[in-house]
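Top to bottom, those sequences are chains U and H. Reminder that position 344 of the first sequence reads as 344 in the working numbering, one-by-one numbering, no gaps. Reminder that position 215 of the second sequence reads as 215 in the working numbering, one-by-one numbering, no gaps.
Warning: the hint list may mix true and false statements.
Unchecked claim - Using C-beta positions, here's what the derived DEER-type ranges look like:
no., chain 1, residue 1, chain 2, residue 2, range
1, U, R313, H, G106, 32 to 42 Å
2, U, I396, H, E29, 55 to 65 Å
3, U, A394, H, V22, 45 to 55 Å
4, U, L268, H, D173, 43 to 53 Å
5, H, V22, U, A228, 40 to 50 Å
Unchecked claim - Restricting the straight-line Cα-Cα distance to at most 27 Å, the calculated cross-link-like pairs of lysine-lysine (DSS-like) are:
no., chain 1, residue 1, chain 2, residue 2
6, H, K104, U, K213
7, U, K66, H, K193
8, U, K66, U, K213
9, H, K137, H, K104
10, H, K136, U, K332
11, U, K213, U, K61
12, H, K193, U, K213
13, H, K136, H, K104
14, H, K104, H, K138
15, U, K7, U, K66
16, U, K61, U, K7
17, H, K138, U, K66
18, U, K213, H, K136
19, U, K66, H, K137
20, H, K138, U, K213
21, U, K61, H, K138
Claimed, not checked - A few chain H residues facing chain U, derived, Cβ under 10 Å:
no., residue
22, L64
23, S65
24, A69
25, R83
26, R86
27, G91
28, P94
29, L99
30, D107
31, T112
32, Y116
33, R177
34, R178
35, L181
Bear in mind the hints are in silico, worked out from the structure with no lab data behind them. Where a beta carbon is used, it is the ideal one built from N, C-alpha and C, also for glycine.
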Amino acid sequence: MRRAAIKLALLPGRLAPWGVAMLGLMLAAAVPLLWATDAGAAALAGFALWFLWLLAGAALKSIARKETLLLPDFRRALAQAAAGWALLFWLLPVLGTGLLFDATAAWMTLGYGALAIAWAVLASSGSRAGVYFWVVIIGARFLPAGLWRALQPALTGALLPLAALLLAALLLRLAWLRLFPPGDVPLPETPMLAPDPMQRGMAQQSNAAPRGKLVRRLNGWSEQAAGAQLRLRAIRYHRAPTAARQRSLLRALLLPHEQLRGWMVRWLLFGGVVLVYTLAVGHDAQVGMVAGYATFFAMTGLNTIGMGMPRLRPSLGELYFTMAPRTHAAFKAQLVDSFLGVLPGAILSAFVYTSIAALLLAPSAWMHVLVTTAVLAPPLALATLALYLNLPAARILRTIIQIVTVFGQMGTYWLLYALIERFGPLWGGVPALAITWGFALGAWSAARAHWIAQPLRFDPPDARSGA
Amino acid sequence: MNDIVSAPARTQPGALRASLLVKAFDGREVLCRLDWEVPQGRVVGLLGRNGAGKTTLLRCLLGLSPVDAGSIEILGEPMDEPRGERLHRIGYVPQSFDLFPWMKVGDFLTFTAAFYRRWDTALVERLLAEWQLDRKKKIAALSQGQRQMLAIVRALAPDPDLLVLDEPVASLDPIARRDFLATLLPLVRRPGKTVIFSTHITTDLERVDADIALLRAGRIALMRPLSELRAQLRGAVLTRAAGFTAAPTLEDALSARVREGQARYVIDTGNAEIAARLQTLAAREDARLELAPLDLEDLFVELA
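The shape of chain U in the complex, shown without the other chains (with noise of 0.2 Å):
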């Protein structure tokens, strides 16, 4: 192998150098108790090879611009590269299992393994089409036992393996054409996706505009509103400058899709998912509980102050300019208040979601539900956006607040459902009011202040020298 394809097969180890260690080290526990035919030592070393290839996918889409088409003998580098890794987390797992099995084993680790692989490539290049493999893999619980009977003999066939390897093929295809689409990228649609300053080219532009037709067009729908919305607060301001109207039309600049039409998008597309959710997991699991993670889902939006601010900072230099505040803190103190124009859609998706969770499962439970929601969203809310606004530049320290933050909102809103049926609305909801509410406005005070009191910034982040 060239020097450029030995760097490319490493890529994932230098993106990622914990994780590949770790799903080494789970290989290597698994490979001796494979000889024993243990099960359990199966299914770790499958789940090690597919996060394996989930780290090569996202090592490729890290350097998925049409640039680095340029670079020359790229393509052979990278067929290299992927071959190697195809010889070491494919093929010789498949002889593995001719050897420890037969071959009919063997010949379906082959085409099952090279569907895992595709799909593992798909999710990480950041098509949604790696959604619908869960779709299926959820759904297939809920064929008639009749139907899985019918397609027993389909199932078991020695032709199966060989369609899927082709349609593996397919999905390869796909993801190289979501990592290098041949045409132009979509534009961005909101503030907080807004392309990384401190990339360029594809990679600037590849973010998470989505690129579905449907999709496009119903954000398209939405942005008409935003447009609409951003132009009548500005001839209001114009007339009557205020504070609370110099918030309202900053935030109809800086959060465009928090209007009717924006959440009725955001509803449709995510109202799926938690419907897909709780048919899969619904009959197995307690309302509340599902209604938990429907709440959590609902508050993933507020993720986007905190990820999406860095990358608006080059924005906030002509924001300044525009607004003419006369202190940096009154400047920032208009931003962070417009924030929380946020948190309507928050609190009402956490309705909407709920809302569907308990009419899918225990319809007699839906008021129930509706009161836990009432409750609890808005303090939740107040309170998520509170720990988001300041997450810390550290990947590892802010992924573990987000997930500290995903439990705490799961776990707070179960705890309150069981107090609402144990102890009635009053004596359950009322005092949780107090104490949720006393909790979120004092996170949102002292957060607020922090924000405040940071050095001002312009620059995009990690921006050195601007000479």
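Chain U is already provided as a structure; the job is to place chain H on it using the hints.
Relative to the frame of chain U, chain H by itself:
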């Protein structure tokens, strides 16, 4: 070598005054105790090599990048805080306009105009039409040159008293560049208007007859009206058969270097003594002396 910063006559409050500015990145000082004063009503071209710190200086002056030490006054007030309406008297065109990419051109201008009491709608419409900027297009869909045009439109519309342009024409084609200068000149030649722009295109500075400020080694090494530079600065070349390996010391020379065996100097003929010193040096080194006028590009090459 000497720095030649002429203190401008102070007839009215300065548009800009910076004292002892220090700005470092990772321990490397980009601005080293920089002093600079620009009176109102001037067009100043800020020159400097790549990496000299022009963008850093302009961003520090406008409060977009914090300084490590020193003080700044803009339009007669300290720049420690934005101080409200004062910012509306400043127009700024950044080097790369990657701003609000999710917005449409029209929405961006509507949003911005809402904040200004002074907003020249007729000028905006004229420039949008002349520069063929589509109001319905997203900013992200504009080319770099078109974004720069939009940034210029936005900066000119409020009729600012101080216009700061960071390489405003770098991405413009020659026609757009001429259009821009033709638009800029009548606007800025009105009383009290000050323009500071950094550029590498010295012919543009000659076209607008700007004062020249040269940023070198973290300081403003030269600040003079262009006409004065043309009239007073000369290139002096010493030539001899054996050639030179190092330029002999010439007191008060603005630059001294050896190129192709010749010792080359930039001198200020306003300094009466230097001509005599140069003659003495030529005689001592047994060299032939030639004096030649320098255009701005030559000056930039010699001094930067």
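Evaluated hints:
Our hint of 32 to 42 Å for R313/U and G106/H is violated, since their Cβ atoms are close to 25 Å apart. For the pair I396/U and E29/H, the supplied restraint of 55 to 65 Å is violated, since their beta-carbon distance comes to about 33 Å. Taken as a hint, the range 45 to 55 Å is violated for the pair A394/U and V22/H, whose Cβ atoms sit roughly 29 Å apart. Separated by about 45 Å at the C-beta atoms, L268/U and D173/H satisfy the suggested range of 43 to 53 Å.
Taking the beta carbon of each, V22/H and A228/U are about 48 Å apart, inside 40 to 50 Å as hinted. Simply put, K104/H and K213/U have alpha-carbon atoms about 20 Å apart, close enough for the 27 Å limit, and the pair holds. Annotation: proposed proximity of K66/U to K193/H is violated, straight-line Cα distance about 45 Å (limit 27 Å). With a C-alpha separation of about 22 Å, the suggested pairing of K66/U with K213/U holds against the 27 Å cut-off.
With a C-alpha separation of about 5 Å, the suggested pairing of K137/H with K104/H holds against the 27 Å cut-off. Taking the CA atoms of K136/H and K332/U, the gap is about 30 Å. The hint is violated against a cut of 27 Å. The suggested pairing of K213/U with K61/U holds, with an alpha-carbon distance near 22 Å, which does not exceed 27 Å. Between the alpha carbons of K193/H and K213/U the distance comes to roughly 50 Å, so the proposed pair goes past 27 Å and is violated.
Between K136/H and K104/H, the direct Cα distance comes to roughly 6 Å. Compliance with the 27 Å bound is thereby established for this hinted pair. Of the pairs offered as hints, the one joining K104/H and K138/H holds, with about 4 Å between alpha carbons and a cut-off of 27 Å not exceeded. In summary, the hint linking K7/U to K66/U is supported, as the alpha carbons are separated by about 19 Å, within the 27 Å threshold. Of the supplied pair hints, the one linking K61/U and K7/U holds, its CA atoms being roughly 15 Å apart against a limit of 27 Å.
At roughly 22 Å between alpha-carbon atoms, K138/H and K66/U fall within 27 Å of each other, so this suggested pair holds. Under the criterion of a C-alpha separation no larger than 27 Å, the hint pairing K213/U with K136/H is consistent with the structure, at around 20 Å. With a C-alpha separation of about 24 Å, the suggested pair K66/U and K137/H falls inside the 27 Å cut-off, and the hint holds. Simply put, K138/H and K213/U have alpha-carbon atoms about 18 Å apart, close enough for the 27 Å limit, and the pair holds.
Using a Cα cut-off of 27 Å, the hinted pair K61/U and K138/H holds, with the two alpha carbons roughly 26 Å apart. Taken as an interface hint, L64/H checks out: its beta carbon lies about 5 Å from the nearest beta carbon of chain U, inside 10 Å. Interface restraint check for S65/H: the shortest CB-CB distance to chain U comes to about 7 Å, inside 10 Å, so the restraint holds. Taking 10 Å as the C-beta contact cut-off toward chain U, the hint placing A69/H at the interface is violated, the least distance being around 15 Å.
Taking 10 Å as the C-beta cut-off, the interface hint given for R83/H holds, the closest approach to chain U being about 6 Å. Interface restraint check for R86/H: the shortest CB-CB distance to chain U comes to about 7 Å, inside 10 Å, so the restraint holds. The interface hint given for G91/H holds, since its Cβ lies 8 Å from the closest Cβ of chain U, which is under the 10 Å cut-off. The interface hint given for P94/H holds, since its Cβ lies 7 Å from the closest Cβ of chain U, which is under the 10 Å cut-off.
Taken as an interface hint, L99/H checks out: its beta carbon lies about 5 Å from the nearest beta carbon of chain U, inside 10 Å. For D107/H, the interface hint holds, since its Cβ comes within 10 Å of a Cβ in chain U; the closest pair sits about 5 Å apart. Checking T112/H against chain U by beta carbon gives a least distance of about 5 Å; that is within 10 Å, so the hint holds. A least Cβ separation of about 8 Å between Y116/H and chain U falls short of the 10 Å threshold, and the interface hint therefore holds.
A distance limit of 10 Å between C-beta atoms decides the matter here; for R177/H the minimum to chain U is near 23 Å, and the interface restraint is violated. For R178/H, the shortest C-beta to C-beta distance to chain U is roughly 26 Å, which exceeds 10 Å, and the interface hint is violated. For L181/H, the suggested interface contact is broken, since its CB lies about 23 Å from the closest CB of chain U, more than 10 Å.
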